[in-house]
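2 protein chains.
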Amino acid sequence: MVASTLTDVARLAGVSPATASRVLNGSARKPGQDIADRVRKAADSLGYIPNAQAQGLAKSSSGLIGLIVHDIADPYFAAIARGVQEAAREQGRMVLLATTAGAPADEKEAVAAFAARRADAIVIAGSRSVRPGDHDGNAELAAELDRYCRNGGQVAVVGHPVVGSSVCEGYHVLTVPNEELAANLASELAAAGDHQFVIIGGPAGLFTSDDRIRGFQSGLAAAGSPAAEVIRTDFNRSGGFDAGVTLAARIKAAQAPADTAPAQSSQGICIFAVNDVMAIGAAAALRSKGLRIPRDATIAGFDDIETLRDFRPALSTVHLPLEEIGRQATLRAAGTAQDDRPITGHVTLRRSTEATFHSGAAN
Amino acid sequence: MVASTLTDVARLAGVSPATASRVLNGSARKPGQDIADRVRKAADSLGYIPNAQAQGLAKSSSGLIGLIVHDIADPYFAAIARGVQEAAREQGRMVLLATTAGAPADEKEAVAAFAARRADAIVIAGSRSVRPGDHDGNAELAAELDRYCRNGGQVAVVGHPVVGSSVCEGYHVLTVPNEELAANLASELAAAGDHQFVIIGGPAGLFTSDDRIRGFQSGLAAAGSPAAEVIRTDFNRSGGFDAGVTLAARIKAAQAPADTAPAQSSQGICIFAVNDVMAIGAAAALRSKGLRIPRDATIAGFDDIETLRDFRPALSTVHLPLEEIGRQATLRAAGTAQDDRPITGHVTLRRSTEATFHSGAAN
DNA sequence: CCGAGCCGGGAAAGCGCATTCCCTTTGCCT
DNA sequence: AGGCAAAGGGAATGCGCTTTCCCGGCTCGG
Numbered sequence: 327m328v329a330s331t332l333t334d335v336a337r338l339a340g341v342s343p344a345t346a347s348r349v350l351n352g353s354a355r356k357p358g359q360d361i362a363d364r365v366r367k368a369a370d371s372l373g374y375i376p377n378a379q380a381q382g383l384a385k386s387s388s389g390l391i392g393l394i395v396h397d398i399a400d401p402y403f404a405a406i407a408r409g410v411q412e413a414a415r416e417q418g419r420m421v422l423l424a425t426t427a428g429a430p431a432d433e434k435e436a437v438a439a440f441a442a443r444r445a446d447a448i449v450i451a452g453s454r455s456v457r458p459g460d461h462d463g464n465a466e467l468a469a470e471l472d473r474y475c476r477n478g479g480q481v482a483v484v485g486h487p488v489v490g491s492s493v494c495e496g497y498h499v500l501t502v503p504n505e506e507l508a509a510n511l512a513s514e515l516a517a518a519g520d521h522q523f524v525i526i527g528g529p530a531g532l533f534t535s536d537d538r539i540r541g542f543q544s545g546l547a548a549a550g551s552p553a554a555e556v557i558r559t560d561f562n563r564s565g566g567f568d569a570g571v572t573l574a575a576r577i578k579a580a581q582a583p584a585d586t587a588p589a590q591s592s593q594g595i596c597i598f599a600v601n602d603v604m605a606i607g608a609a610a611a612l613r614s615k616g617l618r619i620p621r622d623a624t625i626a627g628f629d630d631i632e633t634l635r636d637f638r639p640a641l642s643t644v645h646l647p648l649e650e651i652g653r654q655a656t657l658r659a660a661g662t663a664q665d666d667r668p669i670t671g672h673v674t675l676r677r678s679t680e681a682t683f684h685s686g687a688a689n
Numbered sequence: 327m328v329a330s331t332l333t334d335v336a337r338l339a340g341v342s343p344a345t346a347s348r349v350l351n352g353s354a355r356k357p358g359q360d361i362a363d364r365v366r367k368a369a370d371s372l373g374y375i376p377n378a379q380a381q382g383l384a385k386s387s388s389g390l391i392g393l394i395v396h397d398i399a400d401p402y403f404a405a406i407a408r409g410v411q412e413a414a415r416e417q418g419r420m421v422l423l424a425t426t427a428g429a430p431a432d433e434k435e436a437v438a439a440f441a442a443r444r445a446d447a448i449v450i451a452g453s454r455s456v457r458p459g460d461h462d463g464n465a466e467l468a469a470e471l472d473r474y475c476r477n478g479g480q481v482a483v484v485g486h487p488v489v490g491s492s493v494c495e496g497y498h499v500l501t502v503p504n505e506e507l508a509a510n511l512a513s514e515l516a517a518a519g520d521h522q523f524v525i526i527g528g529p530a531g532l533f534t535s536d537d538r539i540r541g542f543q544s545g546l547a548a549a550g551s552p553a554a555e556v557i558r559t560d561f562n563r564s565g566g567f568d569a570g571v572t573l574a575a576r577i578k579a580a581q582a583p584a585d586t587a588p589a590q591s592s593q594g595i596c597i598f599a600v601n602d603v604m605a606i607g608a609a610a611a612l613r614s615k616g617l618r619i620p621r622d623a624t625i626a627g628f629d630d631i632e633t634l635r636d637f638r639p640a641l642s643t644v645h646l647p648l649e650e651i652g653r654q655a656t657l658r659a660a661g662t663a664q665d666d667r668p669i670t671g672h673v674t675l676r677r678s679t680e681a682t683f684h685s686g687a688a689n
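In order, the protein sequences belong to chains A and B.
Per the numbering used here, the first sequence runs over residues 327 to 689.
Per the numbering used here, the second sequence runs over residues 327 to 689.
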């Protein structure tokens, strides 16, 4: 027994396929009540399931939304994916997933695959990058995306437009105020105490990372603090860990000379990792070297990843409405783009940057 | 300019659509070199992208793999999803995502939607359940799945078969040794010290949770320990937190009478939460009540979620190769099911269940 | 009372592609 | 040199559905 078709249903109901089609989907023309009932009865006695491919072919639209992320297991992307999924579901669409590890060449392939499947919209969640090695890939990606748009596709990208893509209709950019928020974070941190700041950033050229670094520096400048040193590393937990190891050595070296007085340099070190996962990695590194947070160093991240909120000391960070970002991106690309309310976040200071040692475990 | 078709390419190349089709896909028949080149040149001068819907219609197979999870933002599912995605990618397929919060009715809809899209295979990752309220939904889900299978679909389910589904060809169950591993965990924990065990479990009827509870109890029994009390709560962080609050009160009450001697009851309390996320929630609750782990209570989880590994005190748990599970499920359903190597995990004891207070921060 | 208009139903033409079947051409063997 | 097999190219069919277009019967107005 192979899947039954609309024709089978029509035959069983004793009507034409055209009529059956009109009954079983929201057509403009409403067949008579009796006929409709007959068709519907036939349909579910046969267990009829419309062939979405055929429907798509006939209507040239698929009800599919393509989502491109670096890594679905990364909680940052997982959170965004949840928002996308949710919005898609509300619209009766399904989401098609592609992971690319951030490689523009792979992203280009993903876009092509989505285009092949006639996805109604594409949401690109991964950070853009301008690293030299990505140049060609970026160009191809931009071209592919352009073609997709020109053929009527909608695309929403989180953060920054794809490098080199022209702004055509159906191309939406969901701006995330990374720079501004990082500046706010720097201000609050600088106001809270006299620190020596160090930034753990991703590879140069990664927009999200660069924005946050730039914002942080400008926030520092505004507060009258000197610019922070920037350590470049991988944009993940392991990168954060490596940087943490380096910093740990430095901190210990700074503590050693005075020997008795831990607060040798009048300033404590304050680390800003450009995302929470890196911050956690760095914190783990410090701890593994016997250093304590916030006693020997303070640390802040960015994103406010939910799974990491139970981490102790609680991580100071910048809250980003990740799920909402995914949702908005989807709506903007594929939906009745209601109020295009901009994305906002907020600085969330917690224990990991508390200068003085409180006793409570709260927060 | 709308997407160009195979016919366009053929016309430009001066050949028939049949030939163009043969060139651009791996057909059995190989057109001549010169013609092939001409077609290929025409194809990419037009930026031709084959219409996967049409291809699917013609070949009746879509290159799609449906994945059903409870919540993609849950790190457990995210990890499995990564494995699925990876395996799918290797096979040149794409994954279609559906999240259902574990509701069988939603899962049934997801299966129907996958069937409509003619997905080649469906991977169901969420735990099965036999809660009374789910009864009808389960039946419908089983029916839908049966139909899908009979029409030639492949399905792989992680853990347990869907309740009520008959075993037809193309129906694969990836067994996870939850019970056995939970028993091992119980043995090791019981051997490590004389504890009073308490289990924080999910709602009764949730297979994964029930298996782990049953396994843990039998491990306890084998070690000669009395059965543990079971606290039922939600299968997520918040459920763990609530249970933790309850337990915290109890622990404090037990400590209070003796007043001076913290080790009043000769046995410390050892909590087993049926998954890591719940364990973290419970730990957070204890801590918020001023209790310390492992001093005032020890705790273990299950899954060994990667994102949670930097949590301190490091959580004792049972490692499960989540990514591999997703991968295997996919391969088994959609692939050249090579070696059907069973899934194995292992107990991983860390600081959170250390009876004695070591000084190092390692592990 | 008759024609204009409308409404509900059916026939048929694709949507873009794979594939079967047929025909021509080429190469090879006897 | 004649015959045949194999190979390579094309016309046509169909995958399952939507959607025009058409047609018969109905109602309503003049």
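Source of the hints: derived by calculation from the structure; they are not laboratory data.
Check the hints yourself; a few may be wrong.
Stated by the list, open to error - With the Cβ distance kept under 10 Å, some of the chain B side facing chain A (calculated, not the full set):
#1 A399
#2 P487
#3 G490
Said to hold, decoys possible - Below are the DSS-like pairs computed for lysine-lysine, each with C-alpha atoms no more than 30 Å apart in a straight line:
#4 K385(B) <-> K367(B)
#5 K356(B) <-> K385(B)
#6 K385(B) <-> K385(A)
#7 K615(A) <-> K615(B)
#8 K615(A) <-> K578(A)
#9 K367(B) <-> K356(B)
Ideal placement from N, C-alpha and C gives every residue a C-beta, glycine not left out.
Of all the hints numbered above, which does this structure not satisfy? Sort the numbers upward. Those not satisfied are hints 2 and 3.
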